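Colleague: The primary structure of each chain is shown beneath.
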Amino acid sequence: MDDINAPTRRQLFETIGKAGGLVALYQSMTALGHAAETQFHGPPVLSGAKKGATVVVLGAGLAGMLAAYELAKAGYKVQILEYQTRAGGRNYTLRGGDSHTEIDGTTQQVGFAPGNYLNPGPWRIPHHHRTLLHYCKALGVALEPFIQLNHNAYIHNTDALGGKPIRYKELATDFKGHISELLGKSLNQGALDDKVTAEDKERLIDALRNWGVLDKKLSYASSLKVSGQRGYDVPPGGGVTGAPTASQIDSLHDVLDSKVWNTMSFYFTYVMQTTMFQPVGGIDMIGKAFAREVGQMITYNARVSKIAQNDQGVEITYADNSTGIVGTVKADWCVCTIPLSVLGQLDVQVSDAKVAAIKAVPYSGMVKTGLEFKRRFWEEDESIYGGHSFTDQPISLISYPNFDFFKKSPAVLLGAFASGAAGYQFAGMTPEQRIEAALAQGEKIHPQYRQEFMNGTSVAWSRVPWTLGCCAQWSEDARKQHYQNLVSMDGRVVLAGEHASYYGCWMEGAMLSSIDAITRLHKRALEA
Amino acid sequence: MNKQKFALQTALVALAVAGVSVPATADAPGAGGTQALGPETGEQVYRQICQACHMADGKGASGAGTFPALAENPRLASPVYPIIVVTRGKGGMPWFSNALSPAKVAAVITYVRTHFGNHFTTPVTEADVKKFGSPAPVIDH
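For the protein sequence lines, the chains are A and B, in the order given. Counting from 430, one number per residue, gives the positions in the first sequence under the numbering used here. Counting from 673, one number per residue, gives the positions in the second sequence under the numbering used here.
To be clear, the hints were calculated from the coordinates, so they are not data collected in a lab. Remember, it's a predicted structure, so these values are computed and weren't measured experimentally. Please note that the accuracy of each hint is not assured.
In silico SDA-like links for lysine to any residue, alpha-carbon gap of 20 Å or less [stated by the list, open to error]:
#1 Lys762/B with Val784/A
#2 Lys788/A with Ala741/B
#3 Lys873/A with Gly702/B
#4 Lys598/A with Met693/A
#5 Lys762/B with Pro894/A
#6 Lys688/A with Gly702/B
#7 Lys731/B with Thr535/A
#8 Lys731/B with Trp895/A
#9 Lys788/A with Lys762/B
#10 Lys614/A with Gly666/A
#11 Lys788/A with Val757/B
#12 Lys731/B with Val784/A
#13 Lys788/A with Pro740/B
#14 Lys630/A with Ile608/A
#15 Lys762/B with Gly534/A
#16 Lys909/A with Lys762/B
#17 Lys762/B with Gln774/A
#18 Lys735/A with Ser734/B
#19 Lys762/B with Ala785/A
#20 Lys909/A with Asp812/B
#21 Lys731/B with Gly534/A
#22 Lys735/A with Thr738/B
#23 Lys593/A with Gln862/A
#24 Lys731/B with Thr859/A
#25 Lys788/A with Ser806/B
#26 Lys909/A with Pro740/B
#27 Lys788/A with Arg760/B
Every beta carbon over 12 Å from chain B, so not counted as near; a handful from chain A, in silico [what the hints assert, rightly or not]:
#28 Ala478
#29 Thr483
#30 Glu531
#31 Asp629
#32 Pro664
#33 Thr692
#34 Val755
#35 Leu772
#36 Phe832
#37 Gln880
For every residue, glycine included, the Cβ atom is placed at its ideal position computed from N, Cα and C.
Start from the sequences, fold in the hints, and give me the full structure.
Modeller: So this is what it looks like as structure tokens:
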């Protein structure tokens with residue numbers, strides 16, 4: 430745009446924004462190739478609730494508290510029933526002095542030093558999770574980087590390279606180098622002449638030479654140039670002995686054994702791409718921020734047993750977990766965020782189709798184990814600052830703390846994130862067995878483990894009494910058959926939570942679901 | 673419903689998939705943890721998978737909801753019911769027809785039907801599982 434009178438893109442957006450509101454602005458940005466990465470169009474703009482209209486919210490997790498926060502702002506009188514003695518739901522952090530109890534009564538005391546913690550559930554926030562980021566900003570939750578991709582962390586595969594952990598940067602560089610050599614030589618030999626034009630062939634060979642760090646003959650071979658990506662045997666220094674020496678590349682066969690492409694591919698995943706964030710001090714800062722806004726609406730220790738409704742309103746029956754005293758709450762409307770694994774076992778007066786939907790979605794059973802060590806040996810000995818090392822052992826990964834770098838005090842890392850079959854295996858163990866398994870598997874990557882270990886704690890989501898699982902696990906068939914029935918407004922009841930979204934197992938899904946549910950509830954309430 | 677076709681699919685899926693998969697869009701650990709656990713006997717399958725929720729003594733547990741007891745459970749009298757539950761899932765319980773072969777499903781059901789105070793001694797066979805079981809659903813991404 431050379432014409433100085435032409436509006437800049439930003440001015441244009443501002444004009445559209447003022448004229449047509451946020452949605453129009455968003456649509457214009459999308460048309461121009463911006464911002465098409467979220468379904469969040471700003472917080473719900475609800476206002477003008479009918480005088481005296483009431484809502485009961487079941488569950489004080491993020492979906493429930495967002496609903497309460499926005500509905501109260503719109504003028505509803507809101508009450509929240511929560512099974513636990515704290516708000517936040519799966520948005521949850523364990524620190525020293527906390528204790529937590531599994532469904533069979535097994536209790537663990539957390540022994541971490543002050544400042545250290547484990548986020549047993551959600552722990553990282555993608556940069557495009559705009560709903561969550563919006564509320565963090567609005568409610569004053571400080572965020573810091575979640576390192577995620579660390580080229581200096583390890584890839585460990587029991588059956589590869591003698592079971593030795595290898596730095597991600599070495600294997601990833603070797604993988605693309607070997608692939609580039611094969612493809613470059615194939616192109617050079619004319620093997621793909623029917624697939625690419627002569628011009629593209631030339632450009633592609635150039636690209637492979639550069640991207641794969643190939644030599645003049647299009648071979649991938651050890652050199653200082655290659656070491657400039659995968660690392661050196663002797664890195665560049667100063668003075669007399671400053672000259673670096675090249676490292677030796679691994680063979681294609683060994684690189685294939687390592688399955689490093691799994692990790693490379695993982696970092697390409699939409700929800701796993703950098704930049705990622707975490708709240709300073711623990712993920713539960715988000716739940717606590719919401720609880721500051723809606724905490725006075727919450728009745729804790731309330732175990733819901735029945736959701737009844739007629740054309741006048743809803744009636745919720747619940748019992749106090751400690752006294753057993755049964756109570757009821759009446760309201761005009763109900764937002765129910767109880768996980769389906771629990772809701773499917775309650776007496777819920779909704780259509781048969783919704784009952785079927787509630788019972789159609791199984792829950793996953795992941796296990797996280799936090800291990801506290803006397804010192805940050807991964808930083809001090811191995812130059813690993815945040816991010817993850819991956820292993821094919823049941824622990825899946827070791828994830829390093831993304832804060833307090835260089836600090837001379839005990840630190841907690843995530844020593845197991847077991848899912849699938851490994852998740853059940855870990856959940857079936859005692860807490861002591863889980864720690865021992867995490868140590869036995871982790872020391873294959875970090876031999877310092879036994880020497881430096883202090884204490885640990887584990888959360889097996891299959892055994893969490895208030896969810897009976899981790900996240901809703903939709904199948905394609907269930908999604909087709911039941912999803913719309915699950916999210917539909919049923920009389921005076923609407924469901925919300927990660928299970929009622931296409932963003933399962935993310936806080937963002939719970940919040941987008943909640944915004945959609947209360948927007949429809951409010952519209953229905955105004956029409957009623 | 674063509675049971676034979678489904679049984680074949682079950683067997684093929686069981687061969688192809690080592691663990692219970694998680695959608696690519698979920699906050700999952702990534703590609704690690706793929707090393708085979710290798711439960712072989714019915715008891716090993718019970719210890720490595722089932723007891724996560726049904727507990728080591730088969731008695732289940734209760735919180736906001738309940739994991740039903742398998743111990744002294746008359747619903748196990750017919751092998752068809754547990755075969756359907758294990759391969760298809762039920763409520764919050766996932767299906768295990770991708771993680772376990774029909775032979776292992778048969779082995780673990782036989783184990784449970786003859787332990788924890790259950791005395792249903794007729795063994796459940798791989799053929800029973802192929803006949804009455806369901807193929808694993810496809811995870812929605």
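Colleague: Give a verdict on every hint.
Modeller: Now the hints, each set against the structure:
Note on Lys762/B and Val784/A: the hinted pairing holds, with a Cα-Cα distance of about 13 Å set against a maximum of 20 Å. The straight-line distance between the Cα atoms of Lys788/A and Ala741/B is roughly 19 Å, inside the 20 Å bound, and the hint therefore holds. Taken as a hint, the Lys873/A and Gly702/B pair is honoured in the structure, with Cα atoms around 19 Å apart against an allowance of 20 Å. This hinted pair checks out: Lys598/A and Met693/A have alpha carbons roughly 10 Å apart, not beyond 20 Å.
Proposed proximity of Lys762/B and Pro894/A is supported: the alpha carbons are some 18 Å apart, at most 20 Å. For the suggested pair Lys688/A and Gly702/B, the alpha carbons sit about 12 Å apart, so the restraint of at most 20 Å is met. For the suggested pair Lys731/B and Thr535/A, the alpha carbons sit about 15 Å apart, so the restraint of at most 20 Å is met. For the proposed pair Lys731/B and Trp895/A, the alpha carbon gap of about 18 Å is at most 20 Å, so the pair holds.
A C-alpha spacing of about 7 Å is found between Lys788/A and Lys762/B, which places the hinted pair at or below 20 Å, so the restraint holds. Proximity of Lys614/A to Gly666/A is assessed by CA-CA distance (about 35 Å); at most 20 Å being required, the pair is judged violated. Distance hint between Lys788/A and Val757/B is fulfilled; the C-alpha atoms sit about 13 Å from each other, no more than 20 Å. In summary, the hint linking Lys731/B to Val784/A is not supported, as the alpha carbons are separated by about 27 Å, beyond the 20 Å threshold.
The straight-line distance between the Cα atoms of Lys788/A and Pro740/B is roughly 15 Å, inside the 20 Å bound, and the hint therefore holds. Between the alpha carbons of Lys630/A and Ile608/A the distance comes to roughly 16 Å, so the proposed pair stays at or under 20 Å and holds. With a C-alpha separation of about 24 Å, the suggested pair Lys762/B and Gly534/A falls outside the 20 Å cut-off, and the hint is violated. Note on Lys909/A and Lys762/B: the hinted pairing holds, with a Cα-Cα distance of about 18 Å set against a maximum of 20 Å.
Restraint check for Lys762/B and Gln774/A: the C-alpha separation of about 11 Å stays at or below 20 Å, so the hint holds. Between Lys735/A and Ser734/B the CA atoms are separated by roughly 17 Å; this keeps the pair inside 20 Å, and the hint holds. Taking the CA atoms of Lys762/B and Ala785/A, the gap is about 11 Å. The hint holds against a cut of 20 Å. For the given pair, Lys909/A sits about 10 Å from Asp812/B by alpha-carbon distance, which is consistent with the 20 Å threshold.
Annotation: proposed proximity of Lys731/B to Gly534/A holds, straight-line Cα distance about 13 Å (limit 20 Å). At roughly 15 Å between alpha-carbon atoms, Lys735/A and Thr738/B fall within 20 Å of each other, so this suggested pair holds. Taking the CA atoms of Lys593/A and Gln862/A, the gap is about 24 Å. The hint is violated against a cut of 20 Å. Using a Cα cut-off of 20 Å, the hinted pair Lys731/B and Thr859/A holds, with the two alpha carbons roughly 16 Å apart.
Taking the CA atoms of Lys788/A and Ser806/B, the gap is about 17 Å. The hint holds against a cut of 20 Å. Annotation: proposed proximity of Lys909/A to Pro740/B is violated, straight-line Cα distance about 29 Å (limit 20 Å). Note on Lys788/A and Arg760/B: the hinted pairing holds, with a Cα-Cα distance of about 12 Å set against a maximum of 20 Å. The beta carbon of Ala478/A sits about 30 Å from the closest Cβ of chain B, which is more than 12 Å, so the claim that it is off the interface holds.
The claim that Thr483/A is not at the interface with chain B holds, since no C-beta of that chain comes within 12 Å of its own (minimum 24 Å). At roughly 8 Å, the least C-beta separation between Glu531/A and chain B is not larger than 12 Å, which violates its mark as non-interface. The beta carbon of Asp629/A is kept farther than 12 Å from every beta carbon of chain B, the shortest such distance being approximately 31 Å. For Pro664/A, the non-interface assignment is confirmed: its Cβ lies about 29 Å from the closest Cβ of chain B, beyond the 12 Å cut-off.
Taking the minimum C-beta to C-beta distance to chain B, about 6 Å, the non-interface status of Thr692/A is violated against the 12 Å cut. At the 12 Å boundary, the C-beta of Val755/A stays outside the reach of chain B, the nearest C-beta of that chain being 16 Å off. Chain B draws Leu772/A into its interface by the beta-carbon criterion, the shortest separation being 8 Å against a cut-off of 12 Å. With a cut of 12 Å on Cβ distances, Phe832/A stays outside the contact zone with chain B, its closest approach being about 19 Å.
Interface exclusion of Gln880/A from chain B stands, the closest Cβ pair being 24 Å apart, more than 12 Å.
Hint compliance for this structure: hints 10, 12, 15, 23, 26, 30, 33 and 35 are broken, all remaining hints hold.
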